[in-house]
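Undergrad: Below are the chains, spelled out letter by letter.
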Amino acid sequence: MIRSLLIANRGEIAVRIIRTCRDMGIRSVAVYSTVDNNSMHVQMADEAVCIGGPQSAESYLNSKNIITAACLKRCDAIHPGVGFLAENAHFAESVEKAGLIFVGPKPETIALLGDKIQAKRLAKEAQIPVTDGNEMPIEGVQEALRVAQAIGYPVILKAAAGGGGRGMRIVEHPRQMAELFPVAVREATAFFANGSILMERYLTKAKHIEVQLVADGSGSVLCFGERDCSVQQRHQKLIEESPAAKVDRTLIEHMVQCSRDLFSRIGYRGAGTVEYLVSNGSYYFMEVNSRLQVEHPVSEAVSSSDLVRLQLLVASGIPLSTNQSEILLTGHALECRINAISTGKITRFIPPLGPYVRVDTHLYDGIEVGPYYDHLLAKIIVHAPTRNQSIATMKRALQELVVEGLSTNQKEQLAIIDSPQFKNGAFDTGIYRQTIEAQSCKNT
Amino acid sequence: MIRSLLIANRGEIAVRIIRTCRDMGIRSVAVYSTVDNNSMHVQMADEAVCIGGPQSAESYLNSKNIITAACLKRCDAIHPGVGFLAENAHFAESVEKAGLIFVGPKPETIALLGDKIQAKRLAKEAQIPVTDGNEMPIEGVQEALRVAQAIGYPVILKAAAGGGGRGMRIVEHPRQMAELFPVAVREATAFFANGSILMERYLTKAKHIEVQLVADGSGSVLCFGERDCSVQQRHQKLIEESPAAKVDRTLIEHMVQCSRDLFSRIGYRGAGTVEYLVSNGSYYFMEVNSRLQVEHPVSEAVSSSDLVRLQLLVASGIPLSTNQSEILLTGHALECRINAISTGKITRFIPPLGPYVRVDTHLYDGIEVGPYYDHLLAKIIVHAPTRNQSIATMKRALQELVVEGLSTNQKEQLAIIDSPQFKNGAFDTGIYRQTIEAQSCKNT
Amino acid sequence: MYNLDLQTILHAFEHYPASELELSCASFTIKIKRNSGENLPHVQTAEITKAETVEHRKTQDTSIITSPIVGTFYLTPAPDAPPHVQVGDAVDSGSVICTIEAMKMMNQLEAEYPCEIVRVLAGQGSMVEFGQPLFEVKRR
Amino acid sequence: MYNLDLQTILHAFEHYPASELELSCASFTIKIKRNSGENLPHVQTAEITKAETVEHRKTQDTSIITSPIVGTFYLTPAPDAPPHVQVGDAVDSGSVICTIEAMKMMNQLEAEYPCEIVRVLAGQGSMVEFGQPLFEVKRR
Numbered sequence: 005m006i007r008s009l010l011i012a013n014r015g016e017i018a019v020r021i022i023r024t025c026r027d028m029g030i031r032s033v034a035v036y037s038t039v040d041n042n043s044m045h046v047q048m049a050d051e052a053v054c055i056g057g058p059q060s061a062e063s064y065l066n067s068k069n070i071i072t073a074a075c076l077k078r079c080d081a082i083h084p085g086v087g088f089l090a091e092n093a094h095f096a097e098s099v100e101k102a103g104l105i106f107v108g109p110k111p112e113t114i115a116l117l118g119d120k121i122q123a124k125r126l127a128k129e130a131q132i133p134v135t136d137g138n139e140m141p142i143e144g145v146q147e148a149l150r151v152a153q154a155i156g157y158p159v160i161l162k163a164a165a166g167g168g169g170r171g172m173r174i175v176e177h178p179r180q181m182a183e184l185f186p187v188a189v190r191e192a193t194a195f196f197a198n199g200s201i202l203m204e205r206y207l208t209k210a211k212h213i214e215v216q217l218v219a220d221g222s223g224s225v226l227c228f229g230e231r232d233c234s235v236q237q238r239h240q241k242l243i244e245e246s247p248a249a250k251v252d253r254t255l256i257e258h259m260v261q262c263s264r265d266l267f268s269r270i271g272y273r274g275a276g277t278v279e280y281l282v283s284n285g286s287y288y289f290m291e292v293n294s295r296l297q298v299e300h301p302v303s304e305a306v307s308s309s310d311l312v313r314l315q316l317l318v319a320s321g322i323p324l325s326t327n328q329s330e331i332l333l334t335g336h337a338l339e340c341r342i343n344a345i346s347t348g349k350i351t352r353f354i355p356p357l358g359p360y361v362r363v364d365t366h367l368y369d370g371i372e373v374g375p376y377y378d379h380l381l382a383k384i385i386v387h388a389p390t391r392n393q394s395i396a397t398m399k400r401a402l403q404e405l406v407v408e409g410l411s412t413n414q415k416e417q418l419a420i421i422d423s424p425q426f427k428n429g430a431f432d433t434g435i436y437r438q439t440i441e442a443q444s445c446k447n448t
Numbered sequence: 005m006i007r008s009l010l011i012a013n014r015g016e017i018a019v020r021i022i023r024t025c026r027d028m029g030i031r032s033v034a035v036y037s038t039v040d041n042n043s044m045h046v047q048m049a050d051e052a053v054c055i056g057g058p059q060s061a062e063s064y065l066n067s068k069n070i071i072t073a074a075c076l077k078r079c080d081a082i083h084p085g086v087g088f089l090a091e092n093a094h095f096a097e098s099v100e101k102a103g104l105i106f107v108g109p110k111p112e113t114i115a116l117l118g119d120k121i122q123a124k125r126l127a128k129e130a131q132i133p134v135t136d137g138n139e140m141p142i143e144g145v146q147e148a149l150r151v152a153q154a155i156g157y158p159v160i161l162k163a164a165a166g167g168g169g170r171g172m173r174i175v176e177h178p179r180q181m182a183e184l185f186p187v188a189v190r191e192a193t194a195f196f197a198n199g200s201i202l203m204e205r206y207l208t209k210a211k212h213i214e215v216q217l218v219a220d221g222s223g224s225v226l227c228f229g230e231r232d233c234s235v236q237q238r239h240q241k242l243i244e245e246s247p248a249a250k251v252d253r254t255l256i257e258h259m260v261q262c263s264r265d266l267f268s269r270i271g272y273r274g275a276g277t278v279e280y281l282v283s284n285g286s287y288y289f290m291e292v293n294s295r296l297q298v299e300h301p302v303s304e305a306v307s308s309s310d311l312v313r314l315q316l317l318v319a320s321g322i323p324l325s326t327n328q329s330e331i332l333l334t335g336h337a338l339e340c341r342i343n344a345i346s347t348g349k350i351t352r353f354i355p356p357l358g359p360y361v362r363v364d365t366h367l368y369d370g371i372e373v374g375p376y377y378d379h380l381l382a383k384i385i386v387h388a389p390t391r392n393q394s395i396a397t398m399k400r401a402l403q404e405l406v407v408e409g410l411s412t413n414q415k416e417q418l419a420i421i422d423s424p425q426f427k428n429g430a431f432d433t434g435i436y437r438q439t440i441e442a443q444s445c446k447n448t
Numbered sequence: 517m518y519n520l521d522l523q524t525i526l527h528a529f530e531h532y533p534a535s536e537l538e539l540s541c542a543s544f545t546i547k548i549k550r551n552s553g554e555n556l557p558h559v560q561t562a563e564i565t566k567a568e569t570v571e572h573r574k575t576q577d578t579s580i581i582t583s584p585i586v587g588t589f590y591l592t593p594a595p596d597a598p599p600h601v602q603v604g605d606a607v608d609s610g611s612v613i614c615t616i617e618a619m620k621m622m623n624q625l626e627a628e629y630p631c632e633i634v635r636v637l638a639g640q641g642s643m644v645e646f647g648q649p650l651f652e653v654k655r656r
Numbered sequence: 517m518y519n520l521d522l523q524t525i526l527h528a529f530e531h532y533p534a535s536e537l538e539l540s541c542a543s544f545t546i547k548i549k550r551n552s553g554e555n556l557p558h559v560q561t562a563e564i565t566k567a568e569t570v571e572h573r574k575t576q577d578t579s580i581i582t583s584p585i586v587g588t589f590y591l592t593p594a595p596d597a598p599p600h601v602q603v604g605d606a607v608d609s610g611s612v613i614c615t616i617e618a619m620k621m622m623n624q625l626e627a628e629y630p631c632e633i634v635r636v637l638a639g640q641g642s643m644v645e646f647g648q649p650l651f652e653v654k655r656r
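Protein chains in written order, with the numbering used here: chain A, 5 to 448; chain B, 5 to 448; chain C, 517 to 656; chain D, 517 to 656.
Take the hints with a grain of salt, since some may be wrong.
[To be verified] With a cut-off of at most 35 Å between alpha-carbon atoms, the simulated DSBU-like pairs for lysine-lysine come out as follows:
(1) B:K399 x A:K399
(2) B:K415 x A:K349
(3) C:K620 x B:K399
(4) B:K209 x B:K250
(5) B:K128 x B:K77
(6) B:K399 x B:K427
(7) B:K250 x A:K399
(8) A:K68 x A:K110
(9) A:K349 x B:K349
(10) A:K101 x A:K128
Quick caveat, the hints were computed from the structure, so don't treat them as lab data.
Remember, it's a predicted structure, so these values are computed and weren't measured experimentally.
Start from the sequences, fold in the hints, and give me the full structure.
TA: See below:
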C-alpha cells in the first residue's frame with residue numbers, strides 16, 4: 005500500500021487529494037512554485053517542496069524536479085491530479101522508471117488514448133458508435149475538403165494529440181476550410197507539438213455525456229454513473245450533473261456497457277472517463293480521459309464514494325473489492341465551477357455550507373490569485389434526492405458563496421442554474437450561448 | 005403549503021432552517037435579541053424582527069413578541085428550532101390560537117410526552133421495556149428510600165417535567181438520599197416550575213441510543229435510523245453517530261418497531277425521537293423528544309434526506325409520500341459538536357470542507373460569541389461508507405477546522421474521536437470520563 | 517418592564533380610566549381591579565408599559581423613546597379617538613403616549629420622564645419591533 | 517537555466533573534464549561530446565547549471581546563491597574527491613561551486629559572477645529544493 009504520496013499539482017485538486025491522504029493515513033508531500041508558497045495545498049500537506057518558478061514549464065510541468073522531490077522525500081507514489089502532467093505518458097513512464105508508482109493508467113494506455121485517431125479506431129473495434137470522420141491524419145486543405153464533403157458539413161477539426169478544447173475549429177461551409185484548417189494545424193502544433201488533425205461530423209444539438217469508470221487492470225471495471233457536462237463555454241465545462249436529465253436510460257445503459265467493455269478490452273487501470281456526444285437518440289464516442297477529472301465529485305456524490313481513494317488503492321495493486329451491484333447511485337448531484345475572471349487578492353471568502361453541500365477549494369482570506377495557472381477557484385457540489393431539489397440547493401449555495409477581491413463567474417452560474425432551459429433539462433451544448441450570451445446581448 | 009415561516013430561534017439551527025426555506029422557496033423571517041443584531045441568521049433570513057433584550061426570557065422565550073412578529077410579518081407558521089420554546093406545549097398552543105401553524109407535534113402531544121412519568125406509563129402500555137421506577141411522583145425522602153430499596157441502587161432522580169440533564173442526581177447509596185433528593189426537588193422546581201421527581205434504576209454500563217422518526221399524524225410513521233449518543237459530558241451530548249456501533253441489529257430493529265408503534269398509538273405528528281438506554285443486551289425506554297434534535301443531521305446523512313423539509317411538509321398537512329422501504333440508510337455518519345468554552349469575538353473561522361463533510365454553523369469572521377445563549381458554535385457532520393472511514397474523515401475535519409478568538413472543545417473532540425475506546429465502538433456513556441477526564445488527571 | 521415598583525403601578529392605574537389591570541413580567545405578576553362598572557371599548561386587557569429610553573438617533577439635546585415590545589403602533593387609543601399626544605405636547609412622567617397592539621391586546625406606553633414630543637418616528641398602524649424608535653422627545 | 521547562450525555552454529564544457537554533456541530546457545536541448553576516452557566516475561551525464569542569485573538572507577554586502585533545481589547537494593564532485601570550494605575561496609565567474617544530484621544525474625552549479633565563499637548554507641548530501649540558499653558569497 006502507498007504510504008507516502010507526492011501530489012504533482014496545485015489548487016483545489018491538490019487540496020482534495022491531500023484530504024483523502026489524511027483520511028487514509030498516507031503522508032502527503034506537496035510541490036509548489038515560488039508564487040504558490042502560501043497556497044493552501046502547501047499548508048495542508050505534511051511536507052512541501054519548492055520545484056521552480058511561476059511559469060508552469062519551470063515548476064508544475066518540470067517532471068525532473070517533481071520526480072527528484074518524490075525520490076528525495078521518500079515517497080512511493082506520485083498523483084498527477086488533473087491537468088499539468090496528468091495525461092502525459094512520458095511523465096508516467098519517467099515516474100515508473102524512477103521506481104515510483106504513477107497514480108494513473110499505464111503509460112502505454114495514456115499514450116494510446118491520447119492519440120484521438122487511435123482512440124477512435126479502438127472504439128470502432130469495440131463496436132462503439134463513432135461520428136463519421138477520418139481515420140488517418142489529414143494532409144492539407146485539399147484532403148480536408150474531400151473528407152468534409154464525404155462527412156457532410158458542419159465538421160469539427162480537432163488536434164489528434166490534444167484535449168481541453170484547444171485547437172478545435174468548427175467548419176460550417178467549404179469556403180471556410182482554407183482559412184480554418186491551417187489555424188487548427190498551427191494551434192495543434194503549438195499546444196501539443198503535434199500538428200495531426202482529426203475531422204468529425206459536428207453535431208449541433210448534442211449533449212455531452214461521459215461515463216465515470218475505475219478499473220483495477222486485472223479484470224474489474226466499475227462504473228460510477230454518467231455525467232452530463234453539456235453546460236460549456238468555449239468547450240470548457242462549467243456545470244456537471246449526474247444522472248443526466250432527459251436522456252433515455254436505456255441509451256445510458258448501453259453507453260455504460262460500451263465503456264466498461266472498452267476498458268476491459270484494453271486492460272485499463274485506474275480512474276478514467278469515456279466521453280460521448282448524445283444527439284437525436286444516438287450516442288457517439290468522443291474520447292477517453294485517462295485520468296481523474298475536475299468534475300469527479302459529482303460521481304462521488306451519487307455513489308457515496310471517494311474516487312481518489314480508489315485510485316490510490318488500485319495504484320497500490322489492491323484489486324477492487326466492490327462489485328458493480330454494490331455501487332448504489334442515489335439522488336441527483338450537481339457541480340458548479342467557480343472561475344476567476346480577473347486576478348486579485350481574496351479579501352473575503354465564505355463558502356456555502358449546510359445540508360447537501362460540498363465545497364472543494366483552495367481559497368482562503370488573503371490568498372493571491374495570480375495569472376499563471378488555471379482560473380478554477382472552487383467547486384460547489386450539491387447532492388439531493390431529486391434534480392429539482394439539487395437545483396434549488398445549488399441556487400441557495402451560489403447565493404451564499406462570498407468571494408471578494410476579484411471577479412468570478414458566480415452570477416453567470418446562478419443565471420444558468422436558474423434558467424428555464426437548465427431547469428427543463430432538455431438542453432444541449434448550446435445552452436451557455438442561449439442563456440448567458442443571449443442575455444448579454446439583451447442587456448447591451 | 006407554508007409560504008412564509010418565522011424561525012423562533014437563533015444560532016446554527018436558525019441558519020440551518022433558513023437554508024431549507026431557501027431550498028423550498030419559503031420566505032423566512034428571523035427573530036433576534038438586541039445582542040444578535042449581527043447574527044448570521046438575521047443576515048440570511050428574508051426579513052428579521054428584533055424581539056427583545058439579551059436575556060432569553062426577554063427575547064427567544066418571549067412568546068408574545070414572537071407570535072406578534074409572526075402575525076405582523078404575515079407568516080403562516082412558526083418553527084421553534086431546538087431548545088428555547090421547542091418543547092413548550094403552552095407556546096405551541098398560543099401559536100395555534102393565533103391562527104398560525106406550529107411546526108411540531110400537537111400541543112397536547114408535547115404536554116403528554118413532556119411529563120416523564122406519563123410518558124413512561126405510555127411506553128409501558130405500548131409494551132416497551134422501561135427501567136424499574138416509580139409511577140407516581142415521589143413524596144419526600146422516606147418514600148424515595150422505600151422506592152430505591154425496591155428498585156436497587158444506584159438509582160437516578162430526574163425532574164418529571166424536565167430534560168437536558170438538569171435536576172438529575174445519581175444516588176449510589178441510601179445514606180446519600182437525604183441530601184440529594186431535596187436538591188433534585190429544588191432544581192426541578194427552579195428549572196421547570198414543577199418539583200415532581202421520577203426515580204429509576206441507574207444503568208451504569210449503558211449506551212444512549214435513540215430512534216429518529218417523522219410522522220404525519222395520519223397513519224404514516226417513518227424511521228430514519230438510530231443514533232448512538234453515548235458520548236456525553238454531564239448528560240450533554242458531544243458526539244453522535246449512526247448506525248450505532250457494537251449493538252446487536254436485532255435489538256435495534258426491535259427498538260425501531262417499538263418506537264414506530266408508540267408514535268402510531270398516540271397519533272404523533274412531526275419529527276421526534278425516542279430515547280433508550282441499551283445495557284447488557286436489553287433496551288429500556290427513556291423519553292420522547294417531541295421536536296427536532298441538534299443531532300438530526302446524522303440521520304439526514306445516512307438517509308440522504310432533509311428532516312426540516314419533512315417537518316415543513318407535514319406541518320403543512322401534506323401526508324408523507326415516502327414508504328419506509330424507500331428510505332435507504334447508507335454508510336456511516338458522525339457528528340461532533342464544537343462548543344465554546346469561553347466567550348469572545350471570532351477573529352478567524354475556517355470550516356473544514358471537501359468530500360464527506362458537512363458543516364452547520366452560524367460563525368463568521370468578526371461575530372461576537374457572548375454569554376447569553378447556548379455554547380454550540382458548529383456541528384461537523386461526516387458521512388462515509390464505513391465507520392472507520394467516518395472516523396478518519398472526522399479526524400481530518402477536526403484538524404482542518406480553525407476557530408480563533410475564543411476557546412473551544414475542538415481538541416477534546418479530537419482526543420475522543422482518536423481514542424481506542426471510541427474507535428472500538430463498544431463504549432458506554434462513561435466514555436467521556438474514561439478518555440478526557442482520565443487524561444486530564446494524568447496531565448496534572 | 518424596567519424598574520417598576522408597586523407604587524408606580526398603582527399610581528399609574530389611579531390616573532388612568534381602566535377598570536382592570538393585569539401585568540406580568542419575569543419577576544412578578546400583578547392584577548388590579550377598580551370597584552366601578554366603567555369599561556374601555558376596544559381594550560380587552562390593558563398593560564401599562566414603561567418605555568425604555570435608548571440614547572439612539574438623538575439629535576442635540578433630544579432623546580428617543582423606543583418600543584419595549586413587538587406590535588402595531590397607534591397614536592390613538594381607539595380608531596375614532598384623538599391621539600394620545602401630538603408634536604409639541606408637553607407630557608408628564610407616567611402619561612400614556614401611544615398604544616401598541618400585540619395579540620389583540622392594547623398596550624399603553626407611558627412616558628418615563630417629563631418631556632416634550634419633538635417628532636413621531638413610527639407610522640400610525642405600522643409594525644414596530646423591540647427597540648424601534650417611536651418618539652423623539654426633549655426632556656423637560 | 518537562465519540566460520544560457522551557446523558560447524557560455526561551450527566555454528563551461530571546455531573547462532570541465534566531462535566527456536559528454538546533455539542539456540535540456542524549455543527553449544532548447546543541446547548535446548556535446550568530447551573526442552576522448554576519459555570518463556568521470558559516478559557521473560553518467562553532466563549538466564551545467566548557472567545559479568540564480570536571489571537577494572535572500574543576505575547580510576550586509578553579501579549575496580546568496582540558491583539552488584536552481586531540486587536535488588541532493590554535494591560540495592564534492594565525487595565521494596572521495598576534495599570539495600569544489602571551501603569557505604574563504606575566491607571563485608571566478610563560471611567556476612563550479614557544487615554538485616546537485618537529481619535523477620542519478622550530477623549537475624554542476626557554476627558561479628555567475630566572481631565572488632568569495634563566505635558560508636556554505638546547505639549540508640553535504642542534504643536535499644535542496646528550488647530557490648533554497650546554498651552559499652553566502654561576497655561579490656568581488
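Undergrad: Starting from K128 (chain B), check that the Cα of K77 (chain B) is at most 35 Å away, please.
TA: Answer violated: K128 (chain B) to K77 (chain B) is near 44 Å, above 35 Å.
Undergrad: Given the hinted pair K415 (chain B) and K349 (chain A), is their Cα-Cα distance within 35 Å?
TA: holds (32 Å)
Undergrad: Between K399 (chain B) and K399 (chain A), is the straight-line Cα distance small enough, at 35 Å or below?
TA: Holds. K399 (chain B) to K399 (chain A) sits at ~30 Å (cutoff 35 Å).
Undergrad: Keeping to a limit of 35 Å between CA atoms, is the pair of K209 (chain B) and K250 (chain B) held or broken?
TA: OK: K209 (chain B) and K250 (chain B) at ~13 Å, within 35 Å.
Undergrad: Need the status of pair K101 (chain A), K128 (chain A): alpha-carbon distance at most 35 Å?
TA: holds (33 Å)
Undergrad: Run the distance test for K349 (chain A) versus K349 (chain B): straight-line Cα separation, threshold 35 Å.
TA: holds (25 Å)
Undergrad: Within 35 Å, alpha carbon to alpha carbon, are K399 (chain B) and K427 (chain B)?
TA: It holds: about 11 Å lies between the C-alpha atoms, which stays within 35 Å.
Undergrad: Does the alpha-carbon distance linking K620 (chain C) and K399 (chain B) stay inside the 35 Å limit?
TA: Violated. K620 (chain C) to K399 (chain B) sits at ~54 Å, over the 35 Å cutoff.
Undergrad: Taking 35 Å as the top limit, are the C-alpha atoms of K250 (chain B) and K399 (chain A) close enough?
TA: violated (40 Å)
Undergrad: Are the Cα atoms of K68 (chain A) and K110 (chain A) separated by 35 Å or less?
TA: holds (19 Å)
Checked against the numbered hints given earlier, this structure breaks hints 3, 5 and 7; the rest are met.
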